[in-house]
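Residue numbers (my numbering), protein chains in the order written: chain A, 1 to 500; chain B, 1 to 500.
Keep in mind that a hint or two might mislead.
Because identical chains share one entry, a pair is satisfied inside a single copy or across any pair of copies.
As the list claims (entries may be wrong) - Computed cross-link-like contacts, DSSO-like style, restricted to lysine-lysine with a CA-CA straight-line distance of at most 27 Å: (1) 327 x 9; (2) 36 x 9; (3) 9 x 116; (4) 382 x 276; (5) 361 x 393; (6) 148 x 276; (7) 276 x 164; (8) 138 x 393; (9) 58 x 19; (10) 142 x 213; (11) 13 x 102; (12) 58 x 14; (13) 14 x 101; (14) 36 x 13; (15) 36 x 19; (16) 471 x 9; (17) 102 x 9; (18) 36 x 333; (19) 164 x 382.
Don't read these hints as lab results, they were simulated from the structure.
There are 2 protein chains.
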Amino acid sequence: MRPELLLVKERDKKIMSLKGIEALLSWDQETILPEKANDYRSQQMGLMSSIIQEEATKDDFRRAVESLDGDESLALEDRALVHYWKRFFQSNANLPISFVKKEGEALGRSHQAWLKARSDNDFSYFAPYLENLVALSKEKAKIIAPDKSCYDALLDLYEEDLDKKLLDPLFDDLIKSTHSLMDKIEDKEIDDSMLYQSYDERALHSFSLELNKRMGFDNSRGYVALSAHPFTTMIGPDDIRVTTRYTDPSIFDPISSIVHETGHALYDLNANLNEKIAHSSIGQGVSMGIHESQSRFWENMMGRSLAYWTYMYPILQDYIPSLKSVKLDDFYKAINKVKPSAIRVNADEVTYNLHIILRYKMEKLLFEGNVEIRELPELWNKLSKELIRYDVKDDREGILQDVHWAGGLFGYFPTYSLGNLYGAAFRSKLISDLGGPDNLDRILESGNWSEITCWQNENIWKHGGIYSPSKLIERVTGKSLDANAFKVYLIEKYSRIYDL
Amino acid sequence: MRPELLLVKERDKKIMSLKGIEALLSWDQETILPEKANDYRSQQMGLMSSIIQEEATKDDFRRAVESLDGDESLALEDRALVHYWKRFFQSNANLPISFVKKEGEALGRSHQAWLKARSDNDFSYFAPYLENLVALSKEKAKIIAPDKSCYDALLDLYEEDLDKKLLDPLFDDLIKSTHSLMDKIEDKEIDDSMLYQSYDERALHSFSLELNKRMGFDNSRGYVALSAHPFTTMIGPDDIRVTTRYTDPSIFDPISSIVHETGHALYDLNANLNEKIAHSSIGQGVSMGIHESQSRFWENMMGRSLAYWTYMYPILQDYIPSLKSVKLDDFYKAINKVKPSAIRVNADEVTYNLHIILRYKMEKLLFEGNVEIRELPELWNKLSKELIRYDVKDDREGILQDVHWAGGLFGYFPTYSLGNLYGAAFRSKLISDLGGPDNLDRILESGNWSEITCWQNENIWKHGGIYSPSKLIERVTGKSLDANAFKVYLIEKYSRIYDL
């Protein structure tokens, strides 16, 4: 093995180990940390991230990565690892320390300001902070990719090769097809009141754990806990953790949370079973978008399907006896109810992408168009009416809704919608490999889903970060990403549900 | 402020923060970590400890500490901080990296060997590893304190200024008085069968949490969890965590565990409320021995007293209704039953020190006498019979009983007994400050123990690591440590219980 490759592999393992420690600090903060320890914990996390940054930006490491770049004699997974670090050295590692410090301080202040603005429903308080963050992100974009437009540089940070040229037609296509579906559904009502009854948390948690296990989560390599916002994190190659919550009034929220997070977890758990990439930076999902496709595939495409609940519903009824008087079909319709609404994270499967497209359009304007920060709330509300067909009541359900911008995450939102599109494309290929939709249904109805997860593992999971998102989707489906599979999926599913 | 002092304070804060991260890794390992992640976690912990060691042994830090040493113009707490690091540079930091590596590897192998030997009840398997560890500790002792005898050097590592000259007469005194008490108790029997009934774990845990809170544990600055072996750890100045367990057949084991660990936790929680020392290496208990005195003070001297249970017993009976048929006095006697037994951690308050003295005598022989490793099991059994008056059945309850030696901890055991002696000395001064034992009883019987904890805080906790153990005990009690207070305490208490 070339000594440079050995150095890169060793350094990468060390950095992964340090990142796992950082992830533990964060996991503990969300699940256990005593209230008054929060500031100190933030300092500890800052300390860890500076240790990681120092380790990752050492000269010998950078030189080794550069010397290996383009070496076609390397094994596929080694080339992927070199590529991973090359991307790092082109982006994060290229930022001067003075910039990183300035950005870090700005982010700390912004988060506090966003919290206050949101609680007071007063955007003007957050506005100067947001303006500053946008300016910093423009500065960042210019440093990391001087040849690209600002927003394309940011998009690529979260999803390799993603740009406006790809997203614009995809999103236009989605708007059109979603609106056409919404027109047909119009004011057809579904009764979902049975989801909003009070429930026994302990019973529902037992059901959640059963779902988690049934999907193939390995408790000897992971753990499930509670937190205010569900998330998945990797603390080590055999230590993938998910959280869920029981704070939403809907009985279905905890169910979709656990299924969603378990979808994420299975990706990392299985990538790390591939010895060639385990314990390394490519021993995990390849991108935000592909990761989200795995969680949303389970949460929505499997976990909100009739076949899935044909098996699971009687089990759920045993845990939550008050559902015994509700018919499967009524439950199925309720969990798929379509209704334009304010809050992205609670949106139904049909209108969800419109929430993303709204943010995408605003981010494009912020970075490449002409818009004043003070015009943003009104713009949000206008886009909400046009796209989602929802009248925003106040800035808390408008411009102040998400934490992302206060965290400097511009260009991140589109990966959520990519997740839906990738997910549907994978589903379509899975169905064709299984020999038709009835075969998928039969598997779901059997309650033994290993044929599905084996397919995911063979096609997606076990490759970890070896293939770029665009290469992966081509490799699996034979073509580049489009919105067709998702459009067909929605029309078929919702035509049946709403009898269109 | 002298720039060297500023450097020392900043570096110390950073190291404390890193040590907190290391403590979190360890806490998580004992409470949550998935089974298959154990090896990786050990690597992560090794990585953190090498980062800490690197930070702590930097030349500029050492030079700053050395330049401040002996500067009488410094504030008391700053002198203590300099002294703390001076001790470090004289001990750990003086060990060559080659030695640290050799010892680390030996410890890893020894722990595995001890586990296997213990499970197979085969000391000969562990013997060569133990021999190696003893040799390594002798080497270490010579490096860190070439002027001292080997064993004195090791004793001082865990308790400043502790040596054989101090321990020999104390322990001889203890043997004599303990045997005299045991002679009187002889075969007087106490029925403690009511402690060995099956119990509702959840109810007992609720009671544990009530005790923990009643002692003054602050849930906004700490957390209680479960682990195989109870322990207390400091992850940050406002983040002190304790664990307990419900695996012992005795109903009283979880109770004494939580009280013991909460005793430890209160020390660190309150030391860190003193702004002059908070977040620093001296913002925690000063030594193992003093720390243990705070836990055993609560566990035994308060938590096994009649006055304490006069208040707490009806509450316990509410949680564990099967105790309603048991009288307070019978319960009180049961939890104080004296019986020579095999296992140190389950020993009663009277015979406990004999277990420690046995190990002390063996360690002295190992380091400064003439004994072959292969003779150790027999020696253990002989000492057990002489000291504890217990016939050891096999090496699992003999030489292979404790994990300490497999972890290279020689010279550590005596701190447990010191905890008893310090604890009794503090108790005696507390009683005199309160105006007599009846006043202490009245406080315990009231269920509001803040007068006791305030006294502890004023006299012990808030000083953290400012005073050395020997200075602290003199400062509080007006004299140096002896066994008198403990002897008097035992005789008074057990004369009443056993009607001697």
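- Task: Tell me, please, which holds for residue 382 and residue 276 at an alpha-carbon limit of 27 Å: within, between, both or neither?
- Result: neither (50 Å within a copy, 56 Å between copies)
- Which holds for residue 327 with residue 9 at a C-alpha limit of 27 Å: within a copy, between copies, both or neither? neither (55 Å within a copy, 67 Å between copies)
- Task: First find the shortest C-alpha distance between residue 36 and residue 9 inside one copy, then the shortest across copies, and answer within, between, both or neither for a cut-off of 27 Å.
- Result: Result: close only across copies, 22 Å inter versus 39 Å intra.
- Query: Between copies, within a copy, both or neither: which fits residue 102 and residue 9 at Cα up to 27 Å?
  - Reply: between (31 Å within a copy, 25 Å between copies)
- For the identical chains here, do residue 471 and residue 9 meet the 27 Å Cα criterion within one copy, between copies, both, or neither? within (23 Å within a copy, 52 Å between copies)
- Alpha-carbon proximity context of residue 36 and residue 19, limit 27 Å: Both: 24 Å inside a chain and 19 Å across chains, each within 27 Å.
- Item | Alpha-carbon proximity between residue 36 and residue 333, which holds within one copy, between copies, both or neither at 27 Å | For residue 36 and residue 333, neither the intra-copy (44 Å) nor the inter-copy (41 Å) Cα distance is at most 27 Å.
- Task: Can you give me the call for residue 138 and residue 393, within, between, both or neither, at a CA distance of at most 27 Å?
- Result: neither (31 Å within a copy, 75 Å between copies)
- Item | Within, between, both or neither: residue 58, residue 19 at alpha-carbon 27 Å | both (16 Å within a copy, 24 Å between copies)
- Intra/inter-copy verdict for residue 164 and residue 382 if alpha-carbon distance must be at most 27 Å: Classified as within: same-chain Cα gap 22 Å, cross-chain 82 Å, threshold 27 Å.
- Go through the copies and call it for residue 142 and residue 213: within, between, both or neither, with a Cα cutoff of 27 Å. neither (46 Å within a copy, 55 Å between copies)
- Query: When no copy is named, should residue 36 and residue 13 be tagged within, between, both, or neither for a Cα gap of at most 27 Å?
  - Reply: between (34 Å within a copy, 18 Å between copies)
Going down the numbered hints, you'll see the structure goes against 1, 3, 4, 6, 7, 8, 10 and 18, while the others check out.
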